[in-house]
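All chains, full assembly: derive it from the sequences and hints.
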Amino acid sequence: MEIKRILVIDDEPDIREIASMSLKITNRWTVLMAASGPEGIAIAATEQPDAILLDVIMPEVDGLATLKALKANPLTQHIPVLLLTATVRVATHQQYAALGAKAVLLKPFDPGQLGYQIARVLSWQNEVSSHA
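Heads up, the sequence shown is in the numbering used here, so the first residue is 1 and it goes up one at a time.
Straight-line distance between alpha carbons at most 16 Å, and here's what the computed EDC-like set of lysine to aspartate or glutamate pairs gives:
{"id": "1", "residue 1": "Lys24", "residue 2": "Asp50"}
{"id": "2", "residue 1": "Lys107", "residue 2": "Glu12"}
{"id": "3", "residue 1": "Lys4", "residue 2": "Glu47"}
Taking CB as the label site, the calculated pair distances span:
{"id": "4", "residue 1": "His93", "residue 2": "Thr46", "range": "29 to 37 Å"}
{"id": "5", "residue 1": "Ala42", "residue 2": "Pro13", "range": "17 to 25 Å"}
{"id": "6", "residue 1": "Ile25", "residue 2": "Gln94", "range": "28 to 36 Å"}
Everything labelled a hint here was simulated from the structure, so no lab data went into it.
Since the model is a prediction, treat every value here as computed from it, not as a measurement.
Idealized CB from N, CA, C, for every residue including glycine.
Written out as structure tokens, the structure is:
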């Protein structure tokens, strides 16, 4: 089984840590972390993760600006991006999809289900852990 590499971009250290531990323990994935959009874009370009988990609400460069930059960059435009947000407005979700987001996951997320949700959205069927 191939080990997936996930980049978590979130300005909140606690969220990054919870997501990282969750994905490492339940799915045995490698997790890269970035505290800002620009840092995440740089890591994504050099490390080429299998997917990106991106917080929408961040200071300075928010998640939407980061998503646009990722999709505009030939080095990162192919990487699936899943947005993390506490907002549940349907119009906003449609806007995210139009910008290229694969899915919108809600905060607070269930650490035990996070890897499963990512694998399901990206059709990584054999990656879904049954021992969560």
